[in-house]
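Asks: Protein sequences, first through last, are from chains A and B. Position in the first sequence (first residue = 1) + 111 = my numbering. Position in the second sequence (first residue = 1) + 111 = my numbering.
Any copy will do: because identical chains look the same in the list, a pair fits if it lies in one copy or spans two.
Straight line, CA to CA, 25 Å or less: simulated DSS-like cross-link-like pairs of lysine-lysine:
{"hint": "1", "residue 1": "Lys239", "residue 2": "Lys282"}
{"hint": "2", "residue 1": "Lys448", "residue 2": "Lys463"}
{"hint": "3", "residue 1": "Lys277", "residue 2": "Lys199"}
{"hint": "4", "residue 1": "Lys127", "residue 2": "Lys277"}
{"hint": "5", "residue 1": "Lys282", "residue 2": "Lys122"}
{"hint": "6", "residue 1": "Lys374", "residue 2": "Lys127"}
{"hint": "7", "residue 1": "Lys277", "residue 2": "Lys122"}
{"hint": "8", "residue 1": "Lys282", "residue 2": "Lys142"}
{"hint": "9", "residue 1": "Lys239", "residue 2": "Lys122"}
{"hint": "10", "residue 1": "Lys196", "residue 2": "Lys282"}
{"hint": "11", "residue 1": "Lys199", "residue 2": "Lys142"}
Treat the hints as calculated values from the structure; they're not laboratory data. Since the structure is predicted, the reported quantities are computational estimates derived from the model, not experimental observations.
2 protein chains.
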Amino acid sequence: MQNFVFHNPTKILFGKNTVSSIGEETLLFGKNVLLVYGSGSIKKNGLYKEVTQSLGAAGATITEHGGVQSNPLLSHVQVGIQLAKDNKCDVICAVGGGSVIDEAKAICAGATVQHDVWKFFTGKKSIKSTLPLTTVLTLAASGSEMNSGMVITNETTSQKFGFANKLLFPKTSILDPAVTCSVPADYTAYGAVDAVAHVLEFYFTKEDPYTPVQDRLMEGLVINAMESCNRVLNTPNDYQARADLMWTATLALNGLTGAGLGKVGFPMHMIEHSLSAFYNVPHGAGLSAIIPGWMRYHAATKPQRFSQFADRVFDIRKGSSSEKAEEGINALESWFKAISSPTTISALNIPKEDIPKIAENALTLAKVWRMQDYDSEKIEAVLNNCL
Amino acid sequence: MQNFVFHNPTKILFGKNTVSSIGEETLLFGKNVLLVYGSGSIKKNGLYKEVTQSLGAAGATITEHGGVQSNPLLSHVQVGIQLAKDNKCDVICAVGGGSVIDEAKAICAGATVQHDVWKFFTGKKSIKSTLPLTTVLTLAASGSEMNSGMVITNETTSQKFGFANKLLFPKTSILDPAVTCSVPADYTAYGAVDAVAHVLEFYFTKEDPYTPVQDRLMEGLVINAMESCNRVLNTPNDYQARADLMWTATLALNGLTGAGLGKVGFPMHMIEHSLSAFYNVPHGAGLSAIIPGWMRYHAATKPQRFSQFADRVFDIRKGSSSEKAEEGINALESWFKAISSPTTISALNIPKEDIPKIAENALTLAKVWRMQDYDSEKIEAVLNNCL
Numbered sequence: 112m113q114n115f116v117f118h119n120p121t122k123i124l125f126g127k128n129t130v131s132s133i134g135e136e137t138l139l140f141g142k143n144v145l146l147v148y149g150s151g152s153i154k155k156n157g158l159y160k161e162v163t164q165s166l167g168a169a170g171a172t173i174t175e176h177g178g179v180q181s182n183p184l185l186s187h188v189q190v191g192i193q194l195a196k197d198n199k200c201d202v203i204c205a206v207g208g209g210s211v212i213d214e215a216k217a218i219c220a221g222a223t224v225q226h227d228v229w230k231f232f233t234g235k236k237s238i239k240s241t242l243p244l245t246t247v248l249t250l251a252a253s254g255s256e257m258n259s260g261m262v263i264t265n266e267t268t269s270q271k272f273g274f275a276n277k278l279l280f281p282k283t284s285i286l287d288p289a290v291t292c293s294v295p296a297d298y299t300a301y302g303a304v305d306a307v308a309h310v311l312e313f314y315f316t317k318e319d320p321y322t323p324v325q326d327r328l329m330e331g332l333v334i335n336a337m338e339s340c341n342r343v344l345n346t347p348n349d350y351q352a353r354a355d356l357m358w359t360a361t362l363a364l365n366g367l368t369g370a371g372l373g374k375v376g377f378p379m380h381m382i383e384h385s386l387s388a389f390y391n392v393p394h395g396a397g398l399s400a401i402i403p404g405w406m407r408y409h410a411a412t413k414p415q416r417f418s419q420f421a422d423r424v425f426d427i428r429k430g431s432s433s434e435k436a437e438e439g440i441n442a443l444e445s446w447f448k449a450i451s452s453p454t455t456i457s458a459l460n461i462p463k464e465d466i467p468k469i470a471e472n473a474l475t476l477a478k479v480w481r482m483q484d485y486d487s488e489k490i491e492a493v494l495n496n497c498l
Numbered sequence: 112m113q114n115f116v117f118h119n120p121t122k123i124l125f126g127k128n129t130v131s132s133i134g135e136e137t138l139l140f141g142k143n144v145l146l147v148y149g150s151g152s153i154k155k156n157g158l159y160k161e162v163t164q165s166l167g168a169a170g171a172t173i174t175e176h177g178g179v180q181s182n183p184l185l186s187h188v189q190v191g192i193q194l195a196k197d198n199k200c201d202v203i204c205a206v207g208g209g210s211v212i213d214e215a216k217a218i219c220a221g222a223t224v225q226h227d228v229w230k231f232f233t234g235k236k237s238i239k240s241t242l243p244l245t246t247v248l249t250l251a252a253s254g255s256e257m258n259s260g261m262v263i264t265n266e267t268t269s270q271k272f273g274f275a276n277k278l279l280f281p282k283t284s285i286l287d288p289a290v291t292c293s294v295p296a297d298y299t300a301y302g303a304v305d306a307v308a309h310v311l312e313f314y315f316t317k318e319d320p321y322t323p324v325q326d327r328l329m330e331g332l333v334i335n336a337m338e339s340c341n342r343v344l345n346t347p348n349d350y351q352a353r354a355d356l357m358w359t360a361t362l363a364l365n366g367l368t369g370a371g372l373g374k375v376g377f378p379m380h381m382i383e384h385s386l387s388a389f390y391n392v393p394h395g396a397g398l399s400a401i402i403p404g405w406m407r408y409h410a411a412t413k414p415q416r417f418s419q420f421a422d423r424v425f426d427i428r429k430g431s432s433s434e435k436a437e438e439g440i441n442a443l444e445s446w447f448k449a450i451s452s453p454t455t456i457s458a459l460n461i462p463k464e465d466i467p468k469i470a471e472n473a474l475t476l477a478k479v480w481r482m483q484d485y486d487s488e489k490i491e492a493v494l495n496n497c498l
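Please model the complete structure; the sequences and the hints are all you need to start from.
Replies: So this is what it looks like as structure tokens:
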């Protein structure tokens, strides 16, 4: 185990009928609330009404910033920052999935400075202060509700960049699994894939070879993500299954899995971000298209690691390390297929000819994230494994 | 999964050479430091010098309160509270294991009120404010370094009582596994037993029957506690094994395992506390003397649960649920024996005739903890199973 600092101050309110606490929780930090949300589905399912009533009853003045889209755009973040400044907002409340929460985090950071917020993403400026953030989560996927990371797409430069800062932890996040019961099958599956991907990134790229405590935690989370997703797809209104998937996704990227692993990479996300930036594919769909190819590319270099994954997650106990490794990857790929998430970039209608362009784009993010072990040749090789 | 609030604000600094940060971390919260420690072993191994130098260099004024004993006593807590008041201490720094940290927590709570601190333990008063606390952990066991609980023994009434309050989370805890390398074999083993017991209490008493996310987490922690303890006993200076045991013990009782389980009990601790109160046995030794008997008493009522434990933790896959359950308990008992931790109260030289007296004492704690499902008859029956 490597040295680490673990400090996750986010307060989680989890369970039925918790959304009505959002007003009280938000007003602990400010009164002029910027309410950030997405395409308006929360107006259809009643969540918007519940949140605004709770905020209003607590005494909030609300400025609205709706219309956040999946793979949230820098230009829309900039509009939100100006709104927050113009209305002297002193707290931000995000109601949505990872995209909405990430955009809200970017507004939290950008609202306290005069320079363009993108400079944080390119590493030209560092965050010194933020507005406080509360959230109501509507999708089990990104983990953003209990971590300090955010991802934004600069549509001018076709760059989907992300980073983390300790000032970006939400103060309070409300997780009511019932809210997610209306999420359709495809996005439920993509969310589960995202949670699995967060675990796999750390599991297979960690610097420290021997981390048994974190291993068991990560293996358990992958099993739970798959099992709960299967149950949800079978019975979309199964509250308990929704709850298991939701808490699993939160724990999959709240800092605990990575604590002690030493340096970790996000290579699958790094490549996927280019797919989202160019083709606007759902993040989870892009990930499942990359994961099997990426794993097969690396399995030969770490057969013991991939074999342990196969053994512990899929109960594959027979054969050599290499055989078990391959069988484990096949099993994961079969699960992606079973939940109708694509397992190749071809399935996303991305032509082979685009690979050099994708690799070039991904490389810019690899440089920002300091993943020196990836050059364009290696990224192309991985992508060729994903056809 | 049941509704829950999870909010653990403790900052963990984990790893080699982290102790030297204690001055800087403590001075974030105050300048007049009450330094709480135990029998003086930290003066022999150099830790006392390192901590006081770090505090001094950061500008602290130090008041010392040493001599905390295992199963810390109320009278000693009261001395510490008076010291803190007389010296106008505004922060407390605990250097030790769970006993030292628990006593420091009691001082944190008692130093801000005029009434006797024991009233918090009997539920006659509730905590409204505390002094801030930082810790340097020296024993992998109690989890107190990252939770809001504390246990103190009132020697006048022979009551070992404990409770939790959200104001009792340490602000910062420093966990350097190298510090624990000098812990002797017996206390290393008792610490691992304590960590296992914390998991088992929740695992077998939880209100909600279906908690797959928490189950995998808990099962992994039990496996890690056993494996890392075995490695440590084999090679006491194995830093990595010490690190795994230390982080496992912290995660075993930091609120995460219990979040979502609904109501849980601490029946094995409830009974063990009476053993410690009467016979001053090490807490972990008392626990391993109770656990197999307690488990056998309950296995018949929850064969599926005990069978899952056997399967997931000990890879026992053959036989009926009852057979697997019994085999799992036997396997755990064998592990206790292998690490030389007692598996019966007879091994602690506690005579059968004392059982009614022990049960009567335990019942007073059962009432404070509101464990209505335990009367003296049931406690005696469990204890008779532990002979």
